[in-house]
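Participant: Going line by line, the protein sequences match chains A and B. Mapping to numbering that gives the first Met the number 0: the first sequence position 349 is 348, numbers consecutive. Mapping to numbering that gives the first Met the number 0: the second sequence position 40 is 39, numbers consecutive.
Worth flagging that the hints you see were computed from the coordinates, not collected in a lab. Watch out, some of these pointers could steer you wrong.
Said to hold, decoys possible - The calculated lysine to aspartate or glutamate pairs, modelled on EDC-like cross-linking and capped at a C-alpha distance of 16 Å, are: (1) A:Lys249 x A:Glu83; (2) A:Lys611 x B:Asp36; (3) A:Lys132 x A:Glu37; (4) A:Lys440 x B:Asp91; (5) A:Lys79 x A:Glu54; (6) A:Lys249 x A:Asp85.
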Amino acid sequence: MSKRKLVVIGNGMAGVRAVEELLNLAPDLYEITIFGAEPHVNYNRILLSPVLCGEKSPADIILNDADWYAGHGITLHTGKRVTEVDRHQRIVRADDGTEAPYDRLLLATGSDPFIIPVPGRDLPGVATFRDFKDVDTMLAAAKSGKRHAVVIGGGLLGLEAANGLLKQGMDVTVVHLVQALMERQLDAPASLLLQRSLEQRGLHFRMGAQTEAILGETHVTGVRFKDGTEVPADLVVMAVGIRPNVSLAKQMGLHCERGVVVSDTMQTYDPAIYAVGECAQHRGIAYGLVAPLYEQAKVCANHLAGLGYARYTGSVTATKLKVTGIDLFSAGDFSGGEGTHDIVFQDPGRGVYKRLVLDEHNCIKGSVLYGDTGDGAWYFQLLRERTDVSEMRDMLLFGQAHLGDSGRGGGSNAASLPDTAEICGCNGVCKGTIVNAIVDKKLFTLEEVRAHTKASSSCGSCTGLVEQILASTLGGDYSAVPSKKALCRCTDHSHDEVRNAIREHHLTTAEQVRAFMNWRNADGCSSCRPAINYYLIATWPAEVSDDPQSRFINERAHANIQKDGTYSVIPRIWGGVTTAGELRAIAEVAEKYAVPTVKITGGQRIDLLGVKKEDLPGMWADLNQAGFVSGHAYGKALRTVKTCVGKEWCRFGTQDSTGLGIDLEKMTWGTWTPHKVKLAVSGCPRNCAEATIKDFGVVCVDSGYELHVGGNGGVKVRATDLLCNVKTEAEVAEYCAAFLQLYREEAHYLERTAPWIERVGLAHVKQHVVEDAEGRRKLAERFYESQRYAQIDPWAQLVEQERDSHQFAPLQRLA
Amino acid sequence: MSTTQNPAADALQWIEVGALEAIPPLGARIVQHPQGDIAVFRNRADEVFALRDRCPHRGGPLSQGIVCERKVYCPLHNMGIALDTGQAIAPDEGETTCFPTRVENGRVYIALHEATA
Ligand code: SRM
Ligand SMILES: Cc1cc2nc3c(=O)[nH]c(=O)nc-3n(C[C@H](O)[C@H](O)[C@H](O)COP(=O)(O)OP(=O)(O)OC[C@H]3O[C@@H](n4cnc5c(N)ncnc54)[C@H](O)[C@@H]3O)c2cc1C
Ligand code: SF4
Ligand code: FES
Chain A
0 MSKRKLVVIG
10 NGMAGVRAVE
20 ELLNLAPDLY
30 EITIFGAEPH
40 VNYNRILLSP
50 VLCGEKSPAD
60 IILNDADWYA
70 GHGITLHTGK
80 RVTEVDRHQR
90 IVRADDGTEA
100 PYDRLLLATG
110 SDPFIIPVPG
120 RDLPGVATFR
130 DFKDVDTMLA
140 AAKSGKRHAV
150 VIGGGLLGLE
160 AANGLLKQGM
170 DVTVVHLVQA
180 LMERQLDAPA
190 SLLLQRSLEQ
200 RGLHFRMGAQ
210 TEAILGETHV
220 TGVRFKDGTE
230 VPADLVVMAV
240 GIRPNVSLAK
250 QMGLHCERGV
260 VVSDTMQTYD
270 PAIYAVGECA
280 QHRGIAYGLV
290 APLYEQAKVC
300 ANHLAGLGYA
310 RYTGSVTATK
320 LKVTGIDLFS
330 AGDFSGGEGT
340 HDIVFQDPGR
350 GVYKRLVLDE
360 HNCIKGSVLY
370 GDTGDGAWYF
380 QLLRERTDVS
390 EMRDMLLFGQ
400 AHLGDSGRGG
410 GSNAASLPDT
420 AEICGCNGVC
430 KGTIVNAIVD
440 KKLFTLEEVR
450 AHTKASSSCG
460 SCTGLVEQIL
470 ASTLGGDYSA
480 VPSKKALCRC
490 TDHSHDEVRN
500 AIREHHLTTA
510 EQVRAFMNWR
520 NADGCSSCRP
530 AINYYLIATW
540 PAEVSDDPQS
550 RFINERAHAN
560 IQKDGTYSVI
570 PRIWGGVTTA
580 GELRAIAEVA
590 EKYAVPTVKI
600 TGGQRIDLLG
610 VKKEDLPGMW
620 ADLNQAGFVS
630 GHAYGKALRT
640 VKTCVGKEWC
650 RFGTQDSTGL
660 GIDLEKMTWG
670 TWTPHKVKLA
680 VSGCPRNCAE
690 ATIKDFGVVC
700 VDSGYELHVG
710 GNGGVKVRAT
720 DLLCNVKTEA
730 EVAEYCAAFL
740 QLYREEAHYL
750 ERTAPWIERV
760 GLAHVKQHVV
770 EDAEGRRKLA
780 ERFYESQRYA
790 QIDPWAQLVE
800 QERDSHQFAP
810 LQRLA
Chain B
0 MSTTQNPAAD
10 ALQWIEVGAL
20 EAIPPLGARI
30 VQHPQGDIAV
40 FRNRADEVFA
50 LRDRCPHRGG
60 PLSQGIVCER
70 KVYCPLHNMG
80 IALDTGQAIA
90 PDEGETTCFP
100 TRVENGRVYI
110 ALHEATA
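Given the sequences, and given the hints that come with them, work out the whole structure.
Facilitator: Rendered as structure tokens:
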């Protein structure tokens, strides 16, 4: 069968990205032809600014070289503008007569700079700022010793052009129609700071000035304004905005408004024709930044590949100005208005200004940062994920590093660290290694940095720092990172999308999930397999059977693997209370199997370390015999319920904390959760069981019980939030079950309660567990129901199943 | 039925190590050997592979990892190793010994060099 034919019109950033995404999904489906009006291979248009400044060479910004096109069998026609498309015959024709037939057509014609209709606009010496040719024109003017440049337009492009010309030695005046620079991305105070700082560098401004004519006979000599004043000019750059390039689409009879109108599948009104990039208009918006265009390209490729499930639903965008030494970040909508409130930080002395606009749901709606943009990426993430920030509101403007004063979490400012600073403590990776990998291997995403350097791939506490290093190393390019976090590299779907699909389409096996959601490989990988397995058993506890081969070894062997391949065994010791008889039984087991280390754990129980895998079943049988069950010290499951001695012995005890802790452990043991879960019950506010750093902690008081949630004593310490007070032990149990069930149903796999609560907000948890009594009862019921299938001691189960216990012994021993 | 081709197969000694059924699909069992354990893997397609049970990174027991297609992810630090070559999956680097395997009538054979057999 001959291949289908795909023709792409426009050899720019969006079109070629769509082709790249398509080649990832279906490398052999199409014979691909690309037409480009420019005489170049695809380059990074964003980086024309550093080229103009002399900070980068043209060769540095090539994205796909000629070998790339050839290697993928793509026919590239550079320097050929498509002038005609016959939709009936499905043929495109270029200005030089070249023809190409198509089955599918992709329009990616970008934008044209807007030229203001004033006399003199066609004179030599008038340029725009869009492509290599424009940069050449500007550089030629600067090199030939011309003095005066006028840039019309004080937006992002205009200022980058002006800065570049200044760097090339010209005397530059920026003319802007309104009183504030970059008024679409900045508010008035930030605009003013920007203008001051650019003036200090030597730029001149004419604010509120309307251009009436460009002067000159054979070449520009100046610009005249409405008020009659004139400025001299040897070069005039028009950077007043862009217009989606739709002339060809209109001529073909495709429905266009501002841009070519496309649906959520990136299809135009002709289903054989797709459009992506600045020429496309989606839900009324034509985007002018790379990040949304790349998202469009991904969706378009999904449909071109015949997969047909991806949807583009629009993007929130963020802007940075690429003028070295000026830090500016703007995202979302900061126009304020009804129901919104502002948080502002201002330090004119240091030239720092930060403003966040929150909406009525306490989510960030917009942000403007000037002078200190280190937390821009973090705010943008909170904005996109619609995180409720009420809990961190008072610290928000001080940045991520100030949240939680004891953790290593957010990290300090990565840009100021020396190359030798250790960033990833787990894998011993320092900053210089990360920066080199980003530069040498052309890495763009966190995932790529993880794969190449191992940084941030273990405990993840340095993720924020690594992202900062990425941002500072890549500069403007970092905005090209896709916004939705995919579950893993086997799919583009997020955790939530996978969970919803399992629930809504009643999927009950991992194979079904991967087929239904078009996984890239049949078996998945070590990241998605355990996650899907958890989502399945948590959603359909009665129907789904657990898949041991999709579990990490600790959960498969029901013991923790150690660095030398041996295992550790921790029997459950309910509430930390034991007896002489139990201790004797443990001692006997330790002797019988020659256990090298016996240790009291941080969780009030005893760890037998250094056990050979083949000894596990025998040891478990002996421990079972003495009444012990597995302590799940290895699982994304209930770990321990720490208790203190409480009222029974302690002179300060207000309630029976030990008994309550044991009851809670008997209720919750065996449950599988997104990440491990730890409980504690303290008998009074002295809190000897450290209940306020547990996932669910109880502090007994004279009048009843304080319930605390979302604590964590690990990588990033987080003290709990107070959920509510209750009067009886029965209520403690119901609230505990409901809280755990909400966490089980909503959190992402490997997300502990602390980050989960920070993501969804305490108000959300209170709403479901405290305020809605009926909802709480239902959540608790679902928890008890799932416990019916979960409270089976895995040790006893494995000892009974002969077949499985064989897996613990070698298949064969060769002499 | 799977056979890993090896041009020097003649110089190898084939040893029967057990039943295919005894290895869980998408799992592994180990064969103890005086020169170090050998991990014998079985994937979804019932292909069988044998690797020295030592991860090139820090010696993790590969037999305990998660198996996907023709890869295993080390249980200690999650490095991916190709089952059919023993090579770490790019961008990681490293290699562990890979032994030819064969399945006949439901029995698994692995080939060791004369010297190591
Ligand atoms: C054995 C023990 C240390 C000890 O000798 O005391 C221990 C040992 C391990 N901890 Fe822990 N943790 C132990 C108590 C703790 C505590 C203290 C506690 O529970 O009161 C904490 C901090 C409290 C908390 O979790 O909030 C703790 C925070 C961690 C973390 C960081 C979790 C986090 O959310 O930041 C990890 C890493 C992880 O789970 O991903 C971890 C992971 C581990 C692992 C499983 C590392 C691994 O993946 O192999 C260690 C397994 C060793 C083994 O084979 O037994 N361990 N670990 C403790 C077992 C308690 C038990 O009886 O089950
Ligand atoms: C100086 C500068 C700085 C920028 N900085 C940033 C930034 O910091 N961050 C950011 O996100 N974005 C930035 N942008 C915007 C970004 O570059 C664009 O959004 C992006 O390049 C648009 O991609 P596209 O594929 O839609 O259009 P383009 O990249 O313009 O590609 C369209 C191509 O189609 C060709 N073409 C048009 N019509 C035809 C035809 N009929 N036949 C054949 N070929 C045709 C054009 O010649 C062009 O090569 C910047 C842009 C410029 C100019
Ligand atoms: S026991 Fe916990 S703190 Fe100690 S080395 Fe292991 S993971 Fe780190
Ligand atoms: S020992 Fe295998 S990845 Fe570290």
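Participant: For each hint, tell me whether it holds in the structure or not.
Facilitator: Evaluated hints:
1. Restraint check for Lys249 (chain A) and Glu83 (chain A): the C-alpha separation of about 11 Å stays at or below 16 Å, so the hint holds.
2. About 13 Å separates the Cα atoms of Lys611 (chain A) and Asp36 (chain B), which keeps this hinted pair within 16 Å; it holds.
3. Among the hinted pairs, Lys132 (chain A) with Glu37 (chain A) is consistent with the structure: their alpha-carbon atoms are about 9 Å apart, no more than 16 Å.
4. A distance of roughly 13 Å separates the Cα atoms of Lys440 (chain A) and Asp91 (chain B); the hinted pair therefore holds under the 16 Å criterion.
5. Taken as a hint, the Lys79 (chain A) and Glu54 (chain A) pair is broken in the structure, with Cα atoms around 30 Å apart against an allowance of 16 Å.
6. Taking the CA atoms of Lys249 (chain A) and Asp85 (chain A), the gap is near 13 Å; set against the 16 Å cutoff, the hint holds.
In this structure, the one hint that does not hold is number 5.
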